Amino acid sequence: MISKVGAILWKDILSEYRTKEMLGSMVVFSLLVSVIFNFAFPPGSELMREAAPGILWMTIIFASLLGLNRSFVYEVDKGCLQGLMLAPVDRNVIYLSKALVNFIFITLVEVLVLPVFSIFFDLNVINSLLQIFLVLILSTAGVAIIGTLFSAISVNTRSREIMLPIMYFPVFIPVIFGAVQSTKAILQEQPWSVIWGWLRIVIAFDVIFLIVALLTFEFVIEE
Amino acid sequence: METANPSSADVQAGALERNFAAIEIKNLTKTFGNLYALKEVNLSLETGEFLTIFGPNGAGKTTLIRILSTITKATSGEIVIGGIALKKTPEQIRRQIGVIAHQTFLYDDLTAEENLRFYGKLYDVKNLNAKIAEIISEVGLELRRNDRVRTFSRGMQQRLSIARAMIHEPQFLFLDEPYTGLDQHASEMLTGWLKRVRGSQRTVLMVTHDLERGLEMADQVAILNRGKIVFHERRAAIDPKHFRNRYYEQVARESN
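Those protein sequence lines, which keep their order, are chains L and S. Under the numbering used here, residue 223 is the last one in the first sequence; the count climbs by one each step, no gaps. Under the numbering used here, residue 479 is the last one in the second sequence; the count climbs by one each step, no gaps.
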């Protein structure tokens, strides 16, 4: 199983390295949103710092949609998804590989965007870097787990670019809520118990949706 | 077996009897909602046989290939490939089948060699480097092995697609309109390759609407129309000159 996950990862990362289609669009979009929102608030204002966690996560979620939309479209273009399904590989291995690739790409975008975002929004993330990364990793896992499943569902629909956000946002609300509130708690230097309280929601939804995805993915990609 | 006006049941009831079938399809039915894509299809192939299934667009040919390739699940019926029931162990069957379609299943931004390496890893191919070298030479792409697939012509992509389908040395080949979009040269190359495959004891099922090419290779010929097998005969019993008319008659009759 690990060698097959590795093969799919290698293929996706190599293709992305050559085209830079997903990462390029996600990074540019995230930076543009950061710049635009930065103009919307008075520089250094308390309001800007208050709104920053919400803006950060909306930026990440919308940027991730760009990548998630491409995730299976890339496989469907020349029937490659059919090629994957023909191989003696468990359907869940395909799902886990694609979710892992999406997780890696979105995390990479976050690593690139976070420093720029913290400068624009005057956030001191240095002191709480580990906590911030914990929130990013757990919430991004949720983005990848849910987004990969819905990307597979929407790729066979006629208006897939529209279908993905329509399906994805309502389901993703608990994770966004947990991510925003835990980030806010970290930036306001609230006690760990408060942060952990929000993170538990994120973890619970990650686990629930991972189980749902593993139980349903086979039926999603097979007609 | 060939009658003037055979019904689907008559044709299938007269299916060729044999001691051992490499591929056995019994009462295969596939529905999409209320629509029958396949209706009680019965077919049987011995090891090394080549079956060509003709049919117009929408006849259910691709659905049949997708079910046999374990990509789509049948609504009812039984399929046994190489003695293995498809329903029970689809992964085991996937190791033994190769599929060539009009879509190549190749990644444009990977090189020819990288594509074969990727698929080789998925199939756990032993001595993968040697196998890639051998198969890429067989399809005549040694000089382009390090070039990205997006720079290949349609014919070259189909040759690489053949290499992809054969990298794990499958015993069963399913071909879904493999000639679509190929120029004369590439079509001749594909025909030459199929002739070599015929001599290699592989069991082949090809669906096409290219009557001439389909008849050339076949041991058995069937016509699928509106999900039903409306004609099934050994190639030796078919007069190619009259088959075209026969085909149009069958298709028109079932469509009315």
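Because the hints were derived from the structure by calculation, they are not lab data. Remember, it's a predicted structure, so these values are computed and weren't measured experimentally. Just so you know, not all the hints are guaranteed correct.
Pairs of lysine-lysine, BS3-like flavour, derived with a Cα cap of 30 Å [what the hints assert, rightly or not]:
hint: 1; chain 1: S; residue 1: 344; chain 2: S; residue 2: 262
hint: 2; chain 1: S; residue 1: 464; chain 2: L; residue 2: 78
hint: 3; chain 1: S; residue 1: 344; chain 2: L; residue 2: 20
hint: 4; chain 1: S; residue 1: 249; chain 2: L; residue 2: 20
hint: 5; chain 1: S; residue 1: 418; chain 2: S; residue 2: 249
hint: 6; chain 1: S; residue 1: 418; chain 2: S; residue 2: 354
hint: 7; chain 1: S; residue 1: 310; chain 2: S; residue 2: 349
hint: 8; chain 1: S; residue 1: 249; chain 2: S; residue 2: 262
hint: 9; chain 1: L; residue 1: 78; chain 2: S; residue 2: 344
hint: 10; chain 1: S; residue 1: 311; chain 2: S; residue 2: 349
hint: 11; chain 1: S; residue 1: 344; chain 2: S; residue 2: 310
hint: 12; chain 1: L; residue 1: 20; chain 2: L; residue 2: 78
hint: 13; chain 1: S; residue 1: 262; chain 2: S; residue 2: 310
hint: 14; chain 1: L; residue 1: 78; chain 2: S; residue 2: 418
hint: 15; chain 1: S; residue 1: 354; chain 2: S; residue 2: 344
hint: 16; chain 1: S; residue 1: 349; chain 2: S; residue 2: 249
hint: 17; chain 1: L; residue 1: 20; chain 2: S; residue 2: 310
hint: 18; chain 1: S; residue 1: 310; chain 2: S; residue 2: 296
hint: 19; chain 1: S; residue 1: 296; chain 2: S; residue 2: 344
hint: 20; chain 1: L; residue 1: 20; chain 2: S; residue 2: 296
hint: 21; chain 1: S; residue 1: 249; chain 2: S; residue 2: 344
### Task
Give me the numbers of the hints this structure contradicts, sorted from smallest to largest.
Failing hints, ascending: 1, 2, 4, 16, 17, 20, 21.
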